[in-house]
Amino acid sequence: MRRLENAFWFAFAVPTLGIVLVLFFAPFLYSALGSFQSKSGQLTLDNYALVARLYTKDVLYTVGIATFSLAIVLFIGILLCGYLRVYGNKLVEFLFKIPLFVPFVVVGHAMRVFLAPHGILNSMVAQIGLINLDNPPSLAYSWLGISLALAWKNMAMAVLLILGAFRSVHETYLEAARNFGAGAIRQTLDVLLPMSASSLAVASVLMFTSMLASFSIPLMIGGGKGAQMTMIDVYYRITYQGDYGAANALGVVSYLLASGAAIYYLRTVTRK
Amino acid sequence: MRRAFAFLSLATILGVLGAGLAGCGPSAQVTLNVATAGDTNMVELQKNVFGPEFVKKYPNVTVNTVGTGPGDPGSRSIYDKLKAQSSAGKKSWDIDVGVIHQSIMAEMLKEGLLLQYVPKTTVAKYVVAFDAKNALGTNVEGYVIPMFHSQTAIAYNPKYVPAPPKNFEELVAWAKANPKKFGYNGIKGGMSGQAFVAAWTYWKTGKYDVYAMGPYDKANEAPWPGVMKELKAFNEVATITAGNAATLDMLNRGEIYMGSVWVDMFVLWKNEGRMDPSIQVTLPAPGMPGQPMYLVIPKEAANKDMAQKYIEMIASPEQQAKVIVERNGWYPGIDAKEVLPKVSKEGQDKLFKGVTPEDLAKKGLVFPLTDYFKDLLTAYEDAMK
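Line order of the protein sequences matches chains H and C. At position 202 of the first sequence (counting the first as 1) the number is 202 in this note's numbering, and the numbers step up by one without a gap. At position 122 of the second sequence (counting the first as 1) the number is 394 in this note's numbering, and the numbers step up by one without a gap.
Chain C with its partners taken away, still in its complex shape (with noise of 0.2 angstroms):
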């Protein structure tokens, strides 16, 4: 009996692995393997939007979307993905497109990654921003293409808050007069607060340029401690909440009337009626940072080609305008000259409203480089402890 039972488990195990070796035959489609960072408006973006429109000019093609987590965590994901499939020497590689943020440029360049792919592709000509050619402080030129730019602001409910700051004095002696309802993240909850501790540390350090282009040098964090140390006292004024999202739910539930925020993140939201639409919001000076999402393809990839016609796809002016701009409330990833004038005049106030092209121009801000923005967190981590 025992014995019966022991062959039986086997002829079972035997019969699994038969069944899942039959599935894996070869598959006469070509599949398009897309891994996304973001939240689950990224993944939905490639599902929804972008796959459904490639597959309508090419039929053959089945499009994958893996959505691998939200903020830089997600784009970290990626590279360890790629990194592992380099590392043993794999000469097809299972992602064919990534969307991945800025920060973790320098390392999938330093370990060769990805493809220099930009300069054979049809829009290569609107690939014209700033963060197209440097990725904080990386030189990112040829690698990718920015899909589209998220910018962090101030959002501000009107009804309490009637003259929302036009700088950080104000910001702060708001916060003063009004404890505990400016509301942000920390540093441990998401990019928002992030952006808002930089923002602060260009504020007060006068030092953006050095900050934002470089060349490292520690010597020039030296004024941080201090820095760190008045932040600390506005955060006794301040509620630091437990994530960007925390931060729109504060806001939309009336327990803070002001915070720093995603754009992208508050248009979306307003968009799905998640949010008060009395909110808006403002871009106090000296500004606050914004970042792209890159478009990538990695350098052995399995269908580079079929990657390379979906990025140009996306890179479109017409799909900029129509998906990036009118769709999601983002601000779009290659020449702005090329994509407005296809865009709505509804659209166009829905994303420029409280924050103008011209307020974009001049107070949208970059993040630290890597090295300083590491060492900012840190900084800010001693203070806090």
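The shape of chain H in the complex, shown without the other chains (with noise of 0.2 angstroms):
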């Protein structure tokens, strides 16, 4: 009976599994021999070695504002969820689970009239007379208008990951740590963060492989001018240039990148 039972699960399972293999496996064991084909089906390296003719750059820039908007995300995260986890506050924690709600393509666009050089943010600072209008600074166009957008965006899914984390740690710590006179703060680095270390690097893996991939805020909030995310040029490369090959060869190299970072944090903290 047990056996029947194992079966049916088992083909239970199937379509799920097959739905994963045909839709997601097989077209990116595609995509990665694609990247080493030539428009003609040859194997080449052409296609690798156009992207490091033409976008090297761009996976360094890429690299740099996923690494530099999650620095941000930590930053105030786990602070924010330090506190929340020590004193409690429900309103705050709505108020930062909110972005969770907002599609990508939403918050490109509302940052965009935000940050803009005649948005709203400059308006209301020339308002009272600090910068000049006819010649205003534009957070929005740059790389650090992308690197807001996404750590405002990828804020709600680390108060989600890091506060469940911090929960998990159970209250006798911390009253032992108040015991010894900790404020919030040393509770939260010294007892919140290396108890919930492994649950931090999986939350930060998987925002920065999503901000890796991001590609509507990029689009919406990025220059046109100097280095580009990958996942522009790859969309450029498709579109406009009908090349595959190239497009490919930025996946799979975005795709070394993001497993890169698993395999690092995954190893570090399991050494421990």
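For the record, the hints were derived by calculation from the structure and aren't laboratory data. Hints may contain errors.
Stated by the list, open to error - Every beta carbon over 12 angstroms from chain C, so not counted as near; a handful from chain H, in silico:
| hint | residue |
| --- | --- |
| 1 | Tyr55 |
| 2 | Phe104 |
| 3 | Ala201 |
| 4 | Tyr255 |
As the list claims (entries may be wrong) - Here chain H is said to cover these stretches of chain C; the calculated rule only asks that three of the stretch's residues, wherever they fall, bring their Cβ under 8 angstroms from a Cβ of chain H:
| hint | region |
| --- | --- |
| 5 | 412-421 |
| 6 | 458-469 |
| 7 | 503-514 |
| 8 | 598-607 |
| 9 | 642-656 |
Note that CB positions come from ideal geometry on N, CA and C, so glycine has one too.
Fit the two chains together into the complex; they arrive one by one in their own frames, and the hints show the way.
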């Protein structure tokens, strides 16, 4: 009877596994293979040569932006979640979860309106005479704009994951720390943070890879000048050049970056 | 308990599948599937204007419009879909009418995805434009009817630009005198920026005929690195915006005073009240590229006859005058001599203010041949990296 039940559950899982294999794994292999093929189907490294020639800077730029945004998110996220864990504040917690329900495109557009040279932020600051609107600084259309938008969007995810990890730390540890006179920041940095390091690493990897793969926010708020995020380049290679080879090569590079981050973090965590 | 749960799950799945299958019964009506590339305005055009107009005459038809996305990527989606159905050996494809850009035509014809339907239509005699025969170097005669022409041009704010540039020399001089006040969107944010880069190359090399008419020969690309270096220096005094819409946005907010735009997008934004009405367009010499949107029928379309009737309606002088010119501010796709007499004075003024029919005849250029164009964009990337 037990075997029958197992067989049933196996049959139950087959469609799902099949979908993963057909819709995710096969295209992935196909695209990795395509990155080593010329348009006529011969094996070649030309696509990688093109990526190295035109997009090295863009790849570094993308890693830089993802790292910087992740740093912002972690810095604010850890302090905030420490505060929420130690004192608790339902309203603040709710406010920080809002970005979870705002689509990427909406974030991109909102940030564009907010941060543009004559946008809401600059117009408000100009009211008190801090900047001159004839020659305004612009956060939008720059790497800082992309970083801020990505950080804002990922903050909710961070709060969800970090707060979950912090809440799983038993109250007795915090009480013990408080008995020795530790304040909220001490409790966060010395107790909560080390005890949830592995969850934090997983959260970081998730956010880092999603930032590497971000497309709509850079598309809407990025500048046309200088380096671009790699997904913009992938989009451009496919749509304007019809060049799936180089697009696939860029995809493989992104994949290696993402899995590199994952392997590095997971190794350092499991070693402890 | 566990087993009961398992069987309950199975029953649910079977139930859902059964209901799904039951929904796929035969339909008495003809459903005409229209796939259109382009922005939401292109989808609305089919859904709210041409679709209902057609159904008035053919009540047994339901027009189902699908938008595949703005710009060339939208056309590529239609190509991908047709190619997949062709490769799978299907005999009845699920797109009856396609509205696509020039850039995809070479691949469409190479793969044999389109029907040579135009000679059989009642409107064949109006299909006279150059780009009805030639799309970026590909012979498309008989496969396409241009639905309309769009044109890129330089939009400017008369408050800050009292004397709009008559040619590219004046444009560059103005941009240098007014740093960061001229904007275009580079090459990754949409085709009004690519049009500016193409126009810049035509101007600097004087080889428009070579790049636009062909034949393709890489030796003709020799001057490009120098031309792109000059463009890079120009970029230092220009603003590179994030896209077609971003250029219009920045013009509207007064962040830039001049920029490269699509005339039809510009007219549409004005009509919708999203654009400062004082902003105007001009077409500086030697000119800028434009492109048509093509009406095509896939080779194995399920409803070929109905598709042809639908296209005949869109390409009729009446609909071209009423919808294409008056409603949307586009240049007609068929012979303008047949269309313009049916357009009101007001409609003609709106369309030709700033860019006159003479301007268009003289300075309305086309994009380079596909191979040149791809190389040109790469030359730009190489120079700007």
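>> Is the claim that Tyr255/H lies outside the interface with chain C correct, judged by CB distances over 12 angstroms?
In response: Holds, because the least Cβ-Cβ distance between Tyr255/H and chain C comes to about 22 angstroms, which exceeds 12 angstroms.
>> If we take the beta carbon of Phe104/H, is the closest beta carbon in chain C still more than 12 angstroms away?
In response: holds (15 angstroms)
> With a cut-off of 8 angstroms between beta carbons, are at least three residues of the region 412-421 of chain C near chain H?
Replying inline: Per the Cβ count (0), the hint is violated.
> Taking 8 angstroms as the C-beta cutoff, is the stated coverage of the region 503-514 of chain C by chain H satisfied by three or more residues?
Replying inline: Check passed, 4 qualifying residues.
>> For the region 458-469 of chain C, count the residues whose Cβ lies under 8 angstroms from any Cβ of chain H; is that count three or more?
In response: holds (count 6)
> Is the nearest Cβ of chain C still more than 12 angstroms from the Cβ of Tyr55/H?
Replying inline: violated (8 angstroms)
> Checking the smallest CB distance to chain C, is Ala201/H really beyond 12 angstroms?
Replying inline: Check passes; 34 angstroms lies beyond 12 angstroms.
> Does the region 598-607 of chain C contain three or more residues whose Cβ lies closer than 8 angstroms to a Cβ of chain H?
Replying inline: This one is violated; 0 residues, fewer than the three required, reach chain H with a Cβ under 8 angstroms.
> Taking a Cβ-Cβ distance under 8 angstroms as contact, does the region 642-656 of chain C have three or more residues in contact with chain H?
Replying inline: holds (count 6)
The structure is inconsistent with the numbered hints 1, 5 and 8, although it conforms to all the rest.
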